[in-house]
Every structure is written in C-alpha cells, then in structure tokens.
Amino acid sequence: MEQLGTGESVAFWIFAVLGVTAAIGVVAVKNLFRAALLLVFCFFTVAGIYGSLSADFMAVAQVLVYMGAISVLIIFAVMLTRDLRHGNPFNRGWAWALVICAALMGLLVFVFIDTSWPTIEATQVEAVNQVGKDEATTSAIAESIFDKDFGFLLPFEIAAAMILAAVIGAIALVRDK
Amino acid sequence: MLENLGTLGLFLAVAIIFPLLLIGLPLILRYSGVIPQNPSEAKQDTYECGMKPFKEAWTQFNFHYYTFAILFVVLDVMSVFIFPWAARFAGIDKGDVQVWERGDQIWALVAVIVFVVILLIGFLYAWKKKALEWK
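Chains as they are written, first to last, in the numbering used here: chain B, 1152 to 1328; chain S, 109 to 243.
Don't read these hints as lab results, they were simulated from the structure.
Glycine residues also receive a C-beta, built at the ideal position from the N, C-alpha and C atoms.
Watch out, some of these pointers could steer you wrong.
[Claimed, not checked] Listing some non-contacts, in silico: residues in chain B with all C-beta distances to chain S over 12 Å:
hint	residue
1	Lys1181
2	Gln1213
3	Val1216
4	Tyr1217
5	Asn1242
6	Gly1244
7	Cys1252
8	Phe1261
9	Phe1263
10	Ile1264
11	Thr1266
12	Trp1268
13	Ile1292
14	Val1318
15	Val1325
[What the hints assert, rightly or not] Taking beta-carbon pairs under 7 Å as the criterion, some of the chain S residues facing chain B (in silico):
hint	residue
16	Val181
17	Arg196
18	Ala216
19	Val218
20	Leu227
21	Leu228
22	Leu232
23	Ala234
24	Ala239
Okay, chain B solo, but in the shape it has when bound (with noise of 0.2 Å):
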C-alpha cells in the first residue's frame, strides 16, 4: 500500500468503500432489479479499484466483460423471474447461513494473514516502475500471451474451447425440444 501515491489511495478508498457499500445493498435490498443495478455499480468500483492499482487493461475488461455483459445476463435472469418485487425474501435458513458465512470469511482472513505474499525488493520496484508504471499493460499481456517461449498460448486456445463449450452448452440448454 506505500507505493501507492496520494491520488491512488484516495481513489482506492472512495472505491472501496462505495464498492462494499453497494455490496451490502445487493443482499439488502428486496427489490431484486435494483439488487442487480446496485450489483452492477459493485462490479463498476471494482474497476476503479483496478485502476488505482494501475492495472488498466483489468479495468477495461472488468467493465466490458462485467458491467457489459454478466450485469445484462443478471438483469435477465431478474426479468426472467415473476415477483421480481418481492424477491429476496427472508425465511428461517437466515441463522444458519449467518453461522456458514461467519465461518467461510473467518477462514477467509486466515488465508489472508497466513499466507506469506511476495513483496519485491526496493531494487526491482524500481526496475518494475521503469518498464510498466508509465505506459499501459495491454502490450505486456499480449507478450506474455504470445511469447514463443514462455508464453501462455494453450492456456489461450484452452480459453477458446471452453467459451466453445459455454457456447453450444447454453444453446442445448435453452433450445426449443
């Protein structure tokens, strides 16, 4: 968090905290439309957020994959539903999933501090700044996809094949018997 400059943590902050915000309103809200909206405006600070950290090409594509194309798959799906205005109803499973929840992010924050993440040294911050700080990650992804060597190609073409599958998956799915 210290290499962040000023700018970058407060816009940090801004989205973080509407972004949970939103979140909380997601599961509060019982209108289930503006339950997808406020969804919507989640995945939206999670761009932001991937902004402020620089990672612009992970912005880009969390609001054209997420904002364009999951939220009118979510808003769909709500419009698809019958009682959209009472949806989100509470019922008497509430403590248990209080307890699994409590339980799920309790082990969350465990991983969280357990897990010893990999700092870089002041040296190659530096080596690091100077090739990627200034200019856009969109060319380096594409090197790292396309290297010769060491690139990540059949993860790419196995990327294709399961957006195949996701493909005749859904039109089995949907299709007229």
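For chain B, the structure is supplied; the task is to place chain S on it using the hints.
Below, chain S without anything else, positioned relative to chain B:
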C-alpha cells in the same frame, strides 16, 4: 498511464454531476417555489406525450432473449482476449516498446486465428441450430 486514468476520472465526475444537475435543478426550483405546482392526470402520466401506457412495465421477459444474452457474453469475452493481441500487433500503445518482429507477429497471428476458428465452430453451431433466429 495513471494520468490517462485521471482524465477518465474527470470524465466520470462530469458524467455523474451532469445527470444529478438535470434531476436536481428542477427539484430545487420546485421546492424554492419558482415553479408553480398544478398537477393533473396528463402531467403525472409516464409519458406526457406519446402512447398511453396500458399496463405495467414489469413484465416477464421472453426466455428467448436469454440465448442472445449468453451469446453476447461469450463474444464479449472473446473480444477481451483478442484486444491485447490487437493492441500489440498494431503497436497502438507501444510508447517506446518495439513492435513485434516478423516471426513473432506471424506466430501470434496463427495463434489468434486458431482461437477465432475454435469460436467460429460455436457460432456455426448456433447458426445451424437456429439459435440466432427469432420465432
């Protein structure tokens, strides 16, 4: 790079302030008594001019829309994967980074063609199963 995002932030601020202004200005004028309030049925209508609304806007969507939404998500993800390649291939954001050499360029081109061909199979499948047609 962050300076560019700063410009984006400025744009964002304007984009937030502008609609707030458009909504807030009539409210302020209304409550400060500048604008008189004589509500009538026509004024309270959803559309003051145009077709008369005849039922609620909250209706169930036709589930056929869902196929299109899923196909859209898929093609969107594909565009995200292709974008870095395109930016690098054309050297759009190169700065002082060199554009690929010939061999690397062809290598990357072949990789992306394989990627697109795999996805085209899905598209042809959708076409053949008439998922793109509206019934």
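Structure-based check of each hint:
no. : hint    : verdict
1   : Lys1181 : holds (14 Å)
2   : Gln1213 : violated (10 Å)
3   : Val1216 : violated (6 Å)
4   : Tyr1217 : violated (10 Å)
5   : Asn1242 : holds (23 Å)
6   : Gly1244 : holds (27 Å)
7   : Cys1252 : holds (28 Å)
8   : Phe1261 : holds (33 Å)
9   : Phe1263 : holds (26 Å)
10  : Ile1264 : holds (30 Å)
11  : Thr1266 : holds (28 Å)
12  : Trp1268 : holds (23 Å)
13  : Ile1292 : violated (4 Å)
14  : Val1318 : violated (4 Å)
15  : Val1325 : violated (5 Å)
16  : Val181  : holds (4 Å)
17  : Arg196  : holds (3 Å)
18  : Ala216  : holds (4 Å)
19  : Val218  : violated (10 Å)
20  : Leu227  : holds (6 Å)
21  : Leu228  : violated (9 Å)
22  : Leu232  : violated (10 Å)
23  : Ala234  : holds (6 Å)
24  : Ala239  : holds (5 Å)
Violated hints, in rising order: 2, 3, 4, 13, 14, 15, 19, 21, 22; the structure is consistent with all others.
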